[in-house]
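Chemist: Residue numbers (the working numbering), protein chains in the order written: chain P, 1 to 285; chain Z, 1 to 343.
The hints are simulated quantities; they were obtained by calculation from the structure and are not laboratory data.
Accuracy of the hints is not assured; some may be wrong.
Unchecked claim - Simulated restraints, written as ranges between beta carbons of each label pair:
1) R85/P with K4/Z: 47 to 57 Å
2) L295/Z with P116/P: 29 to 39 Å
3) Q7/P with L177/Z: 50 to 60 Å
4) L23/Z with L260/P: 17 to 27 Å
As the list claims (entries may be wrong) - Partner residues are not named here, just some residues of chain P that face chain Z (Cβ under 7 Å, in silico):
5) V94
6) D106
7) P277
From the three backbone atoms N, C-alpha and C, an ideal C-beta is built for every residue, glycine too.
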Amino acid sequence: MEFWIIQSLNALSFAMLLFLLCAGLSLIFGLMNILNLAHGSCYLVGAYTALSVIAWSDNFFLGLVSGSVAAGAVGFVLQRFLLQRIYGRRLLQVLLTFGCMFILGDLAIIIWGADPTTLRKPEGLTGAVDLGGIIFPKYRLFVIAVGITIGIALWLFQEKTKWGAILRAGVDDEQMARAVGINVPALFTVVFILGTALTGLSGVLGGPFVGVYPGVDLEVLLLAVVVIIVGGLGSMKGAFFGSLIVASLDNFGKALFPELAMFTIFAPMAIILAVKPTGLWGRVL
Amino acid sequence: MSHKARSLAFLIALLCGLSVLPLILSTYYLGLVTGALILAILAMSANLLLGYLGLASVGQAAFFGVASYAVAIYTRSAEGAAWSAIAVGLLAAVAAGLVFGPLAIRTRDIFFLVIMLAFCQILYGVTYSWRSVTGGDDGLPGLARPDLIPGVSLDGPVSYYVFVAVVFLLVVGAFRLFVNSPFGLVLKGIRDSDSRMRALGYNVWLYKYIAFTASALIGGISGVLHAYYYGCPNPADFSLIHSSSALLMVILGGPGALLGPLAGSLIIVFVREFVSNVTDRWLIVLGFAYVCTVLFFPDGLIGTIGRWWREKSSRGRSHATAPLPERSQEESSTEFVSAGKSN
Numbered sequence: 001m002e003f004w005i006i007q008s009l010n011a012l013s014f015a016m017l018l019f020l021l022c023a024g025l026s027l028i029f030g031l032m033n034i035l036n037l038a039h040g041s042c043y044l045v046g047a048y049t050a051l052s053v054i055a056w057s058d059n060f061f062l063g064l065v066s067g068s069v070a071a072g073a074v075g076f077v078l079q080r081f082l083l084q085r086i087y088g089r090r091l092l093q094v095l096l097t098f099g100c101m102f103i104l105g106d107l108a109i110i111i112w113g114a115d116p117t118t119l120r121k122p123e124g125l126t127g128a129v130d131l132g133g134i135i136f137p138k139y140r141l142f143v144i145a146v147g148i149t150i151g152i153a154l155w156l157f158q159e160k161t162k163w164g165a166i167l168r169a170g171v172d173d174e175q176m177a178r179a180v181g182i183n184v185p186a187l188f189t190v191v192f193i194l195g196t197a198l199t200g201l202s203g204v205l206g207g208p209f210v211g212v213y214p215g216v217d218l219e220v221l222l223l224a225v226v227v228i229i230v231g232g233l234g235s236m237k238g239a240f241f242g243s244l245i246v247a248s249l250d251n252f253g254k255a256l257f258p259e260l261a262m263f264t265i266f267a268p269m270a271i272i273l274a275v276k277p278t279g280l281w282g283r284v285l
Numbered sequence: 001m002s003h004k005a006r007s008l009a010f011l012i013a014l015l016c017g018l019s020v021l022p023l024i025l026s027t028y029y030l031g032l033v034t035g036a037l038i039l040a041i042l043a044m045s046a047n048l049l050l051g052y053l054g055l056a057s058v059g060q061a062a063f064f065g066v067a068s069y070a071v072a073i074y075t076r077s078a079e080g081a082a083w084s085a086i087a088v089g090l091l092a093a094v095a096a097g098l099v100f101g102p103l104a105i106r107t108r109d110i111f112f113l114v115i116m117l118a119f120c121q122i123l124y125g126v127t128y129s130w131r132s133v134t135g136g137d138d139g140l141p142g143l144a145r146p147d148l149i150p151g152v153s154l155d156g157p158v159s160y161y162v163f164v165a166v167v168f169l170l171v172v173g174a175f176r177l178f179v180n181s182p183f184g185l186v187l188k189g190i191r192d193s194d195s196r197m198r199a200l201g202y203n204v205w206l207y208k209y210i211a212f213t214a215s216a217l218i219g220g221i222s223g224v225l226h227a228y229y230y231g232c233p234n235p236a237d238f239s240l241i242h243s244s245s246a247l248l249m250v251i252l253g254g255p256g257a258l259l260g261p262l263a264g265s266l267i268i269v270f271v272r273e274f275v276s277n278v279t280d281r282w283l284i285v286l287g288f289a290y291v292c293t294v295l296f297f298p299d300g301l302i303g304t305i306g307r308w309w310r311e312k313s314s315r316g317r318s319h320a321t322a323p324l325p326e327r328s329q330e331e332s333s334t335e336f337v338s339a340g341k342s343n
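Produce the entire structure from the sequences given, and follow the hints as far as they go.
Modeler: See below:
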């Protein structure tokens with residue numbers, strides 16, 4: 001029983017990390033139909049920036065902020081100066097972000113070296129906590145809390161604020177949104193920055209237990225891809241439940257059948273692709 | 001007719017060029033050209049999907065790697081296998097195509113790209129962790145080139161170059177026949193509008209499936225050649241760098257162009273050679289090449305320069321600064337990239 005509870009909590013904390021990662025990807029896709037393959041690189045940039053800032057200032061929360069800002073800045077440059085030049089040509093945009101993934105990954109090696117590291121956990125969240133007989137790391141509980149908080153905040157933002165309404169209008173019908181006077185290009189840029197900054201945040205949060213190393217960008221990108229295929233691209237709900245499903249499969253797969261770990265994630269992806277190509281909660285394109 | 005004559009002349013020129021190379025190039029550069037030809041075949045498999053179905057694949061290395069591993073594994077179990085090992089390698093690639101095909105061709109544009117990426121990474125993970133069969137990250141070293149015809153050894157760089165060049169020409173010829181056949185024309189029709197082809201009564205799914213499997217076979221040919229060239233299949237065969245280089249070669253050469261992949265592959269291989277003398281950060285260069293190609297030469301380096309040249313010579317100086325016109329529907333081999341938000 002204890003095994004199941006601990007593994008479930010592990011899965012939940014990983015799911016929240018994945019959700020933060022995929023929320024941005026999904027948001028960007030939903031609004032502007034761009035699949036950002038440099039998304040993993042934003043994760044990487046966020047984590048590495050936090051690594052440097054934490055080493056310098058010894059403050060995890062400063063690292064959290066700086067990591068998000070750095071990833072958002074990368075997103076800004078990517079969207080404003082590169083992607084907007086080939087607006088509307090989806091496949092070229094994907095290939096462009098693909099090239100950026102190579103560039104950012106290699107730049108990170110030049111700046112931070114190729115040795116795998118982990119981020120230091122913030123003070124006060126280092127040890128474990130006793131949950132009625134079950135010992136569980138505090139930091140993972142913190143990740144769960146952050147994930148749920150941001151999830152709720154994003155939902156409130158989308159459903160209850162004027163900005164959220166503008167965003168939904170842009171997703172539903174871009175041309176009508178333009179016609180009623182919404183500055184859609186500015187909206188695109190803002191959402192791109194928001195999405196990549198969220199990814200940077202997930203990079204910093206994941207740093208202490210996933211680690212930071214060259215190649216992690218591709219790994220998290222693939223996980224994000226599986227999540228969006230399972231959950232459906234372009235819907236926040238899909239990103240949330242997709243993350244839960246994929247994280248559970250990954251976690252229990254690794255714990256129960258370690259040698260089949262690859263298949264416990266990718267087999268469900270293949271099944272869902274075969275049965276429902278738009279994903280469980282995806283918008284019909 | 002003139003088109004046919006021109007392409008025939010082109011093929012003869014290619015044949016002459018390839019046969020002159022061993023006489024003028026040093027062994028080292030001949031080796032580079034051999035590698036470029038092998039990668040060009042891989043790029044042709046991506047070209048079949050991109051140029052004729054409008055599907056961009058960053059997972060062609062899946063077939064490449066499967067074939068090279070199959071050759072090495074089979075050769076280890078059957079000592080001295082030659083033709084049979086090659087057959088096993090190609091069959092493995094075709095089998096991979098048959099298995100992945102039904103899933104992959106359900107998807108379109110970016111989803112197809114992502115699925116192929118995922119397939120390739122699954123295979124990478126399997127070869128990496130299944131040490132007893134694949135040797136893990138050491139790969140399977142010690143694969144010797146067999147004597148395909150008794151008495152003719154492929155061990156020397158020149159003889160292997162000749163072998164690869166012959167295979168390359170055969171693949172080019174077969175590719176040309178394939179895409180100009182009624183079958184290939186149906187593929188182009190599907191690329192431009194699959195709903196229209198469906199309305200005309202074509203079994204679009206089957207055509208796509210066969211084309212996908214054919215591209216797996218071509219990728220497999222490249223993988224077999226690669227396995228014998230380096231003698232050591234390893235997980236890097238499945239790497240993203242491989243797949244994405246192949247795709248970049250296609251885009252550089254112009255999607256759909258018969259010899260575009262060769263041009264792209266020669267460019268990439270020689271640029272990599274040049275860059276590796278200066279820095280070992282090849283990925284940055286590859287990434288910049290991607291970005292620049294997409295931003296400045298979306299129709300391929302050769303296509304864009306050729307068009308620019310025609311523009312300049314036909315319109316004269318007064319219009320030299322006028323923007324390039326949109327491509328017409330007929331020559332829209334890259335139309336796939338402009339599919340808008342509406343689909």
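Chemist: Which numbered hints are broken by the structure, listed smallest first?
Modeler: 1 and 4
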